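> Whole structure, please, built from the sequences with the hints as guidance.
Taking the working numbering, the leading residue of the sequence shown gets 1, the next gets one more, and so forth.
For the record, the hints were derived by calculation from the structure and aren't laboratory data. Nothing here was measured: the structure is a model prediction, and the numbers come from that model. A portion of the hints provided could be inaccurate.
Simulated crosslink set (EDC-like; lysine to aspartate or glutamate; CA at most 20 Å straight-line) [unchecked claim]:
{"no.": "1", "residue 1": "162", "residue 2": "119"}
{"no.": "2", "residue 1": "147", "residue 2": "124"}
{"no.": "3", "residue 1": "553", "residue 2": "487"}
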Amino acid sequence: MAAAATAEVPAEQPGRGFMSAIKRRREQDRKEWAAYWEVQGKEAENSYMGTWRYHIGRFGDWPATWFRENIVEPLHDKHKMPYYHRKISRVHEVDQCGVNDRVCLYEAEEQFRLDKLVDHYIRDILFNRFTKCVRFNGHDNLYRCAKQVDDFENADLNFFIKYGELGSEQTLPACYMKQKHRLIWERRHPEIMEERKRAYEEHMENLRNGKFNMHFWRKDYTYRHKRNNNPGQFFGPYWDNNKLPSEGDTDISRDWRYYRKLEDDPNFDTFNYPKEWNEMAKTLKEVKEQHKQKMSDNGNGSANNGNGSANNGNGGANNGNGSANNGNGSANNGNGVKESNSEGMIIKEYRVILPMTVEEYQIGQLFSVAEASRQETGGGEGVQVLRNEPFEGESLFHGEFTSGQYTHKIYHFDSKVPSILRAILPKGSLTIHEHAWNAYPYCKTELTNPDYMKDNFFIRIETIHLNDRGANENALRLPSDVLNKRELVIIDIANDREYLNASDICNETRPSTFRSERTGRGPLLQSWQDNCEPVMCAYKLVTINFKWFGFQKLVESFVQKQYPRLFCKFHRELFCWMDRWYGLTLMEIRIIEQETQRELDEMRACGNPRGMIA
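Here it is as structure tokens:
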């Protein structure tokens, strides 16, 4: 409340002796409140309502003032410490907070910022002591400042170990993960840590004996300079974190530039591992040479009957649910989910008609998968390829196909699912493993979540590609019970409104306006499915099972709703990219796939999530 102007209370008053600053401030407050109520009383003299409000206010103010002055303030003064002895209660550390405890995480983040500020000021104080000592004694007599140098350099090193390389936007989780990685690395390399300990003890012994070697603090053996993994040659108080983002740096929890990588040190990260794991400690150059030689020996890059590694559009498109993968496959051959009764599961068959031949589609879908994977990968999400190799001896599609290309991929996604699911699903539940067998023109895929759902979740997708207009009522040769339960969905890639979101539509991939310069096909106008030549159809059977009580229908329905959107968007892009892939050979596609796999690993480690979202 506003208070009338009053004169300052003197430090000493007759009969009261000397008052502290706190007591003077409180006495001043009492004077101002007394003046305030005096003004309020004069304003209320000629008004009945004003007088009533004044007395009610004084009646309520008196007990509150008495309680504050006679109970609260004396207790506060009794337990109050001088400012240099105050103890600030610490909140919980981040590892003590619950996963979804936002209040605890916020408090821990603020405590982290306070700790960093305190560490920064401590380092500045030590640096000022060091510089004053150097100015007084001169650079030729640094040995006289050995204690100040050692104190400052220890604080500077500890500050870097805790906060360095985290970029200008430092966060507590990133700092916490960095410390975890550092501790793991130090435990895996005890010989390095023993050498550091020995060198530091020798340095301290020299200081006690009056010897001082300034080169000890060049930090070469302590930690490595982040740029190009070169040793740090600087001597100074600051490690400029503000420049790191502009130089392409990322958090240490995502980028281990702080450590020597495999390409620099063949023995990195192999200490204390089983002996057979040491075979993995080869330089990147050697791995590339072996791969290149293998590809050359195979002649056509393991094309293996022309069956591509993209698994007929699986593994990269990742549009809509992060695992739909333009999907193919379902049969279990010992590598995926177990066969299960179809009762209770949602089964749909999608038919996608395209103006091309089955042979042309094989090239187009392999190219489009690689391109779509780039669009859907970034910010920690996207596609990770673990295995991509030929297979033989598998009985597929009633024994008609026995060889092809097998891939094992992992899909990392978060923004691809609704917020309600992100809120309830724990870590590990948003990672999907895909096992796919591409025996073109037949393909099958199995999608699972072994890290969390295990056998309680799977998606099966079977695909057969035929040169027809989608009129085959049982192209996948389904048994009668599955055939009766199957729901049929026809997808028109030229229709912009039926299944797509507004963000999925762009002029570059709109079949109703696109015309291929190399083939003369397009645009796809009304009734194009009945009149176009050549023509083919992709028959895709999608089976989804989610065994979680209370969420089964919700999740199964959501995923099935995403597949028409996924298939429609992917095949629109495949058709409109025709001029980019038409005429390519399988060998050229293999080269594109290898480049894509390398780029996906790089893109997934940086940037923001991309592509379709829920």
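> With reference to the structure, classify each hint as holding or not holding.
Do the hints match the structure? See the list:
1. 162 <-> 119: Roughly 10 Å between the alpha carbons, so the hint for residue 162 and residue 119 holds.
2. 147 <-> 124: Holds. Residue 147 to residue 124 sits at ~16 Å (cutoff 20 Å).
3. 553 <-> 487: 16 Å, holds
When held up to the earlier numbered hints, the structure conflicts with none and fits them all.
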